[in-house]
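Chains S and Y, in that order, give the protein sequences. According to this note's numbering, the residues represented by the first sequence are 1 to 116, in order. According to this note's numbering, the residues represented by the second sequence are 1 to 114, in order.
Treat the hints with care, since some could be wrong.
Pair ranges (Cβ atoms, derived) [stated by the list, open to error]:
no., chain 1, residue 1, chain 2, residue 2, range
1, S, Glu41, Y, Ala29, 19 to 25 Å
2, Y, Ala45, S, Glu41, 17 to 23 Å
3, Y, Ser65, S, Gly73, 41 to 47 Å
4, S, Pro61, Y, Gly41, 24 to 30 Å
5, Y, Leu109, S, Ser87, 16 to 22 Å
6, S, Glu63, Y, Leu109, 30 to 36 Å
7, S, Arg112, Y, His76, 30 to 36 Å
8, Y, Ser69, S, Leu38, 29 to 35 Å
Hints in this document: simulated from the structure, not taken from any laboratory. Each residue gets a CB set at the ideal place from its N, CA and C atoms; glycine is no exception.
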Amino acid sequence: NAGVMQNPRHLVRRRGQEARLRCSPMKGHSHVYWYRQLPEEGLKFMVYLQKENIIDESGMPKERFSAEFPKEGPSILRIQQVVRGDSAAYFCASSPPVPDRKNIQYFGAGTRLSVL
Amino acid sequence: QQQVKQSPQSLIVQKGGISIINCAYENTAFDYFPWYQQFPGKGPALLIAIRPDVSEKKEGRFTISFNKSAKQFSLHIMDSQPGDSATYFCAATGGGGSNYKLTFGKGTLLTVNP
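So that you can see chain S by itself, here it is in the shape it has in the complex:
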């Protein structure tokens, strides 16, 4: 039973390029969350998605960032025209279809994005 899978593990982009981060949730999970961890900071919530729906994107920067979770395939976090300040670790988490009050989220190993 594979856990949350993220790829790539490391991604290097030059300023102005696009970054695509992928997340496959745990088997049977249909809720996906993206968090960003800046150096020396805790994880910050970005977006919560269910299949084909964005439930809460209150933590997403207003420009250049987008996320999707299609009916088939992994969830994608897309960053257009990356800048150096986008360098961070991006973590994806997933939870079962009917989260209980605990709403335990299972995290992937993250994608470390470096913008040159």
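Mind docking chain Y on chain S? Use the hints.
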């Protein structure tokens, strides 16, 4: 605005000692307080969690103490082992239908010397 403040930033403990990490929160709507453990190159993993209707929860060598009136909670690791060396994050969630949105502290890097 940082809603969950965590201290210390780093901690060094001898094997067999007690590690204590503290967190304070501001949002009184929070109703679920998990602790996550993160090893280098890995994602955070849930370690233990507590709700504010209890003052303490123990699982093995790990104990959460919760003080609702002070809006503080802490993680105690008894008989600390070198394998416990990791970064620990406290978190909080709940209230207003957004029980999925984890708010994390900045983390504590724990080093347990042999």
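Here is what the structure says about each hint:
| no. | hint | in the structure |
| --- | --- | --- |
| 1 | S:Glu41 <-> Y:Ala29: 19 to 25 Å | holds, 23 Å |
| 2 | Y:Ala45 <-> S:Glu41: 17 to 23 Å | holds, 19 Å |
| 3 | Y:Ser65 <-> S:Gly73: 41 to 47 Å | holds, 44 Å |
| 4 | S:Pro61 <-> Y:Gly41: 24 to 30 Å | holds, 26 Å |
| 5 | Y:Leu109 <-> S:Ser87: 16 to 22 Å | holds, 20 Å |
| 6 | S:Glu63 <-> Y:Leu109: 30 to 36 Å | holds, 33 Å |
| 7 | S:Arg112 <-> Y:His76: 30 to 36 Å | holds, 31 Å |
| 8 | Y:Ser69 <-> S:Leu38: 29 to 35 Å | holds, 32 Å |
When the structure is compared with the earlier hints, no violation turns up for any of them.
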